[in-house]
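Novice: Same order as they appear, the protein sequences are chains A and B.
Following my numbering, the numbering of the first sequence begins with 5 at its first residue and continues without gaps.
Following my numbering, the numbering of the second sequence begins with 25 at its first residue and continues without gaps.
Careful: at least some of the hints might be erroneous.
[As the list claims (entries may be wrong)] Pairwise CB distance ranges (calculated):
1) B/SER59 to A/PHE74: 14 to 24 Å
2) A/PHE74 to B/VAL71: 22 to 32 Å
3) B/VAL93 to A/GLU76: 40 to 50 Å
4) A/VAL318 to B/GLY49: 28 to 38 Å
5) A/VAL12 to B/LYS137: 52 to 62 Å
6) B/LEU26 to A/THR321: 45 to 55 Å
7) B/ALA41 to A/PRO301: 23 to 33 Å
8) A/ALA46 to B/ILE114: 54 to 64 Å
9) B/LEU126 to A/LEU62: 48 to 58 Å
These are calculated hints, taken from the structure and not from any lab test.
What you are looking at is a predicted structure, and each value in this text was computed from that prediction instead of being measured.
Where is the CB? At the ideal position from N, CA and C, for every residue including glycine.
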Amino acid sequence: MSPAATSVLLAVVVTVVKGLLVIIVLLTGFAYLTLIERKVSARIQLRYGPNRVGPFGLIQPAADAVKLLFKEKVAPEGRDRFLYLLAPALAACAALFAFSAIPVNQTICIAGTHGAGPLSARCPGGYPLHWDVANINVGLLFILAITSLGVYSIFLAGWASNSKYSLLGGLRSAAQLISYEMAVSFALIGPVLLAGSLNLETVVNQQHSLWFVFLQPMGFLLYFTGALAETNRLPFDLPEAESELVAGYHTEYSGMRFGLLQMAEFVNVITVCSIATVMFLGGWMGPFFFLPNWLGPLWFGAKVGLLIFVMMWVRWTFPRLRYDRLMQFGWKVLLPLGMANVLLTSVFVALH
Amino acid sequence: MLFDYLPLLVFLVMVAALGVGLTFGIPLLGPRHPSTAKGLPYECGIVPAETARRRFSVTFYLTAMLFIVFDVEAIFLYPWAVLVRSTLHIFGLVEMTIFIALLAVALLYVWRKGALEWD
Numbered sequence: 005m006s007p008a009a010t011s012v013l014l015a016v017v018v019t020v021v022k023g024l025l026v027i028i029v030l031l032t033g034f035a036y037l038t039l040i041e042r043k044v045s046a047r048i049q050l051r052y053g054p055n056r057v058g059p060f061g062l063i064q065p066a067a068d069a070v071k072l073l074f075k076e077k078v079a080p081e082g083r084d085r086f087l088y089l090l091a092p093a094l095a096a097c098a099a100l101f102a103f104s105a106i107p108v109n110q111t112i113c114i115a116g117t118h119g120a121g122p123l124s125a126r127c128p129g130g131y132p133l134h135w136d137v138a139n140i141n142v143g144l145l146f147i148l149a150i151t152s153l154g155v156y157s158i159f160l161a162g163w164a165s166n167s168k169y170s171l172l173g174g175l176r177s178a179a180q181l182i183s184y185e186m187a188v189s190f191a192l193i194g195p196v197l198l199a200g201s202l203n204l205e206t207v208v209n210q211q212h213s214l215w216f217v218f219l220q221p222m223g224f225l226l227y228f229t230g231a232l233a234e235t236n237r238l239p240f241d242l243p244e245a246e247s248e249l250v251a252g253y254h255t256e257y258s259g260m261r262f263g264l265l266q267m268a269e270f271v272n273v274i275t276v277c278s279i280a281t282v283m284f285l286g287g288w289m290g291p292f293f294f295l296p297n298w299l300g301p302l303w304f305g306a307k308v309g310l311l312i313f314v315m316m317w318v319r320w321t322f323p324r325l326r327y328d329r330l331m332q333f334g335w336k337v338l339l340p341l342g343m344a345n346v347l348l349t350s351v352f353v354a355l356h
Numbered sequence: 025m026l027f028d029y030l031p032l033l034v035f036l037v038m039v040a041a042l043g044v045g046l047t048f049g050i051p052l053l054g055p056r057h058p059s060t061a062k063g064l065p066y067e068c069g070i071v072p073a074e075t076a077r078r079r080f081s082v083t084f085y086l087t088a089m090l091f092i093v094f095d096v097e098a099i100f101l102y103p104w105a106v107l108v109r110s111t112l113h114i115f116g117l118v119e120m121t122i123f124i125a126l127l128a129v130a131l132l133y134v135w136r137k138g139a140l141e142w143d
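Extracted from the complex, chain B is given alone in its bound form (with noise of 0.2 Å):
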């Protein structure tokens, strides 16, 4: 069972090598000139006015919490996927049409309360 997931422990180890290489061994290679003018963050030709860490739109933060809601109950829906063909039949859609329905209904009152929009 377990050693079903052995190729993939081995080709993570290829593929972050590759990655790990590429990003730091590369870069090596190229000439260095470094100038204060070249190192500043583009800002369409005009020196940076502030730096770029600053606050943004309280939207981001309530798509991120939205997703976690919706996102895990997708989740969750998988293994409920998997077996209703073959054991759970109309016992698991009742119960999965009521989950869905639950959710239907968090997703009208985010809907109504004016989450979804962006302004």
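Only chain A is shown next, with the shape it has when bound in the complex (with noise of 0.2 Å):
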């Protein structure tokens, strides 16, 4: 075999293992994302949650998907067809594709030195060990790129229901969605700025000394509202207000199909803490440079959890805002806040 072809061959093996890693791990972490959802509520309303179900309830998502797996699926008359289909498919694909760009760890080099200069050329004749599906140069573009698909599988999901609730559902979420992608977008443009990369992994690499946090505090701050807006958490779910539209987009989908879009949801909810990890809070970085590199991805691990932990924590803590209040909110606080934020950072960037 050529060595082109080796290459090639090489490359597609690794990347099946790894994204049959990443697969598993999402959909693990969404399982359990449901359990530790019901538990931090029912705490925090002095209630016990789910504990009947294994130790503590830790067998609770088995026998949820047990359940999703077995039920009778229901479909509304009148609904359209391909589009009510598509939508969950889309949905799931979105949500983990979106996922392949980010690393959790530094990039290991196998049977080779560690060397510098570009991403290429970094290992030397060995083998570079990326700790995420694919290292690409526009990481954040194309993280930003796929996750804004989800729109598409919620408006198609309300769309194609022929329901009313789906309807409002929908339509409330499409406009809610670009509308706090903007602010997501604008805040985020402040790391790129410090860090004068792209590439997700350059990104951390740029906070060995400081995490952009502490540089970037209002864009982290818009960053994370314009996340919970993103995955529809409260105080921002007006999309599926259960009090005035039943369950919202996905009122008329049952079995399975639900279980697509709610794991779509838990996903973007790890995708965007992520996210927030990698260009705010120094990514794999512990808060001491000497830790063995094999603690990356625990460290990477625990920040999400902790922020994942905020926003269940914000769920109870605010109440839900007025859809007319929620459109202001974001295009006459935080975007002209993120326009600001963005020359302010320039200013600096450029000067120093």
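Work from the hints to combine the two standalone chains into their complex.
Specialist: Here is the structure:
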């Protein structure tokens, strides 16, 4: 076999292994997030939460999964058959696919020496093992592009269901997601300015002395607020405000198709928290530089977990916004603040 | 260069297989007892009064159009943001300040015109 074919084959095999790992970790994370969400909610409300299936309710996600698998599928009359099925598939694909550019650890050089320079030449004579599925130089733009595909799935789900609640939920959701996406895009420009790169691994490596959250406190807050809205979390969960819209865009979904929409939501939560960790909280870096390399993914997971906990905490702390206030908050507060943050940061960077 | 993107293609195939498989495959496992009442879209338990394909507020269209303007702006900022530190320096700062100022004026105009109000 020629060297080119060998390297292609190697890349494919490595990607399949890494991809399976990512999918397994994300799906397990989703399953346990549903449990943790219920536990945290319960504790905040002085209840116990699920504690019947297994010790501390730890087997509850498995029971839920089995139930979803064997549920009858009930689909509404008058639905748009193709779009109705496309929506959950697209939601799940986009949510999982977006995670592929997020590095959870430093590139490890197998059978070679660590070098400096451009990404491709960093590991002369060895095999560079990247800790993400694809180490691409437009990583951040790629993630933003793929996560915005989620808007399609939510709107299509709402429109295709032929239900008024679904339609209203889908409409609200589409308008809300695109409005807050701008806030998120502007907030993420700050770290990009400081790091001078869109490759997420480079961004993390630029934070070795000081995490960007200390240089970009406003950017971090803007991003986190926008991320809450992007993932339809309270206090911005108008798309599925149960008191007025039943369940919003997934009212008419049942069984595993409902499960896929739910999965997309929780995987998106993991993804936005991972992006916040990478861009602002120093990714896999611990507070002390001398910690061993293999601790990286653990630190990464700890930071992501902390952010997810804050999201759940916020859920039971703030009441839901009214819809017009929500949209005005996005356009009149977050967007101008984001622009100002970009300008201030660029003055700092350009003059430095 | 293009080789860096090969993993994305492979992963996309895996993810698509998973999504399509779960959407189409798994529902075959469950029982099927369709009935007319079960198939109706949910509307608080009554028979749906009319179709859900109705007109909706014009503000949603406005939001979509404004989104295109400002999101394209944000995307323009990214390549610039990468280069400010290394090459563009003050020149890039001045140019982008003018660009952002123009869009800030646009936002102010939209704001004053009342396009951001919901009623």
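Novice: Taking each numbered hint in turn, which are not upheld by the structure, reported in ascending numerical order?
Specialist: Checked against the structure, no hint fails, so every one of them is satisfied.
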